[in-house]
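2 protein chains.
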Amino acid sequence: MHLDDLVLVSVDDHVVEPPDMFEGRLPARFADQAPVVDRRDDGTEIWRFDGKEATNIGLNAVAGRPVEEYGIEPTSFAEIRSGCYDIADRIKDMDANGVIGSLCFPSFPQLCGQLFAKAKDPELGLAVVKAYNDWHIDDWCGTYPGRFIPLALVPIWDPPAMADEVKRVAAKGCHAVSFSENPSKLKLPSFHSDHWDPFWSACSDEGTIVCLHIGSSSSLVQTAPDAPIDVLLGLQPVNILQAAADLLFSPVLRKFPALRVALSEGGIGWIPYFLERMDWTYTRQHGWTGQDFGDEMPSEVFKDRVVTCFIDDPAGVEMRHRVGIDKICWEADYPHSDSTWPISPETLMKSLDGVPDEEIDQITHLNAMRLYRFDPFAHRPKEKCTVGALRAQAADVDVAPKRGAASSAKLTRASDLTGRPGTDR
Amino acid sequence: MHLDDLVLVSVDDHVVEPPDMFEGRLPARFADQAPVVDRRDDGTEIWRFDGKEATNIGLNAVAGRPVEEYGIEPTSFAEIRSGCYDIADRIKDMDANGVIGSLCFPSFPQLCGQLFAKAKDPELGLAVVKAYNDWHIDDWCGTYPGRFIPLALVPIWDPPAMADEVKRVAAKGCHAVSFSENPSKLKLPSFHSDHWDPFWSACSDEGTIVCLHIGSSSSLVQTAPDAPIDVLLGLQPVNILQAAADLLFSPVLRKFPALRVALSEGGIGWIPYFLERMDWTYTRQHGWTGQDFGDEMPSEVFKDRVVTCFIDDPAGVEMRHRVGIDKICWEADYPHSDSTWPISPETLMKSLDGVPDEEIDQITHLNAMRLYRFDPFAHRPKEKCTVGALRAQAADVDVAPKRGAASSAKLTRASDLTGRPGTDR
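Chains as they are written, first to last, in the working numbering: chain A, 709 to 1133; chain B, 709 to 1133.
Isolated chain A, as found in the complex (with noise of 0.2 Å):
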């Protein structure tokens, strides 16, 4: 397989949502108290809704800026590369970056739309979440038909309505849904609950997969007060690691077997020892614990229901057997401070050595296209989908780095994030 050959479908990837997008989306009662973006004293620009500010902070928007600069300080439109909010912009880039297809988490209303469950109305909350899906699903992938797959919002504060939202934007062509690794720590029912099965059940029905981003539980970890900002990115995972435990052990994937759920910017390689590490447990301890798996392992369930994807992670690709092939994609994670943009297909290229092509064509897009439902081909030949084409067509994009204003003190201790109001992702 040669790099220009590859065909890259990213899972997880970003909107920085533009200012503009609630204009004339909401119903004549809420017009007035549609999410709007504020300047402050200092410069920094800020979403405001219901009395509660979202910021977007730097290292959330750091395509095309030098590492020097990255931060965790609140921003601006002015400093963020007008690829992560402008859909014209943002194709250039995914051209530049070989990347055909994306799915795109939203940014201030936190992960699974945290911030629209805070609405003390539900019936705003409800309102905007619609807006916003209509939005993501005609504006910001529709503007681009066969370049997107469409990512929902629901409102996590009311099952049956999460349910009628997943059949509506269902209608329009939209099967998926963002959700939390872990609503518990949201106070909201558990993974153990019967709470959510309206839910799932209308996931399962209409073939829409559950998206679980890693730090959608709004919970960071912390190891200690004085830990270096170092160990809680490098932790980033670790959530996944528990979120995915808990839904293995829950009823939901044993109840709803025909659901799917990802596990988004969660990583490949630490499944093969996770997947050990439960059966192992359910091996060793069900006999007092009553837990029934039948006449499966915990690691079957999983490899059959979870969707996996990964960045740059070798280890993990040597184990993709242990991992479970059929399901490994792969995301470049455009504009956060992990992702391998502008040059993913060489970042990705090196973990591929000695990959059989056609597993190549199941973790760079096969796999992808299957499990979210997404077919670019349907929009344009295959062979203009390639790495190759699509950076033929992008040769005047400049992906340089660019300085942005002076940056303020940096912030580096672990504790400097937790408790800011719009840190939890």
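Check the hints yourself; a few may be wrong.
Heads up, the list lumps identical chains together, so a pair's fine if it works in one copy or across two of them.
Unchecked claim - 25 Å max Cα-Cα, derived DMTMM-like pairs, lysine to aspartate or glutamate:
{"no.": "1", "residue 1": "Lys1058", "residue 2": "Glu1026"}
{"no.": "2", "residue 1": "Lys1058", "residue 2": "Asp1003"}
{"no.": "3", "residue 1": "Lys963", "residue 2": "Glu914"}
{"no.": "4", "residue 1": "Lys826", "residue 2": "Asp934"}
{"no.": "5", "residue 1": "Lys1011", "residue 2": "Glu984"}
Calculated from the structure, these hints are not laboratory results.
Got chain A; can you put chain B on it based on the hints?
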């Protein structure tokens, strides 16, 4: 390599302390304040010390019990297999399992002596720590020379006194100490503070390995209040992953390059992914976080200073060169519920399929002998230390599961464990 030719040194087992262990070991002024075993009305036995109670919970001494009787209830000595607390019977159980050498963590004092740290009079606490160590080194390990790697406790509330105790026990031939995987969770200063430098320095000077056992932060991973206990049991090793990141980005390993730290019961299958993630984080973020590993990478520092071990970890063994082949040790975890006793050799052998003999020897005993400064061959010829030779002299040991008294109702939720006295392992 034939199974009978394996030489097994286990770097993580557990002693259930016998009731008479403190007899004659405390200075006269503290003699009547020694920890004592007391029988409660419900038939369970507990240790009492300085107004605190500590139980031996069922899961921590289940060797020889049928799995249906596993549980987290407190128990009594009559319900526990004698090999847990009787040194002669422990040797028989080791022989029956083909294990020549063993390092034993404490039970009722908790994994790094947290109970003794709660003494209102720190002089009493120190006297009990010393008495515990003298019993452990002289009685438990000293009765059968060449069979045990002694492991000392240290007075974790007083770093200069920790250093003194490290030196005192080193003079007695003990070169391993137990410490917390995360002292911050014990409300003590974190690894990032220089508070512990006298301790690290003493261990470095004496060639004493510092063992961080999973659970030694007295904090369990609870995903949700209603999560089944399987989640908690399966996620036990997650704490050590957090501890490893915390330690790696702390000054400790770089400040004391001769220091060796062991992740006891930590498993190994997660390490390749972990090291890639730490290097990834460092490479991408240190430009703004200020971390400095000089001309090394975090993974190199880890592989050079951190000693690992596993019970049964096929993916980890397959990835042994990514883990670090010269630091991997093996453990039996007798008598905990994760233990493979009495079929440890058979269990291990499956994971070793395809591993060259010289690497098997590294993993089963050579690494442990070098890193824990233990030489059984000085006491008996190597050919008498093999699984086959030890089992030949243990033909009369009954290893069949024994039923205990009728169990009380099972406690099977994670929340049953958290907050209960004596349950933080």
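So, going through the hints one by one against the coordinates:
no., hint, in the structure
1, Lys1058 / Glu1026, "both (12 Å within a copy, 21 Å between copies)"
2, Lys1058 / Asp1003, "between (39 Å within a copy, 23 Å between copies)"
3, Lys963 / Glu914, "within (16 Å within a copy, 57 Å between copies)"
4, Lys826 / Asp934, "between (30 Å within a copy, 24 Å between copies)"
5, Lys1011 / Glu984, "both (12 Å within a copy, 23 Å between copies)"
Violated hints: none; the structure is consistent with every hint.
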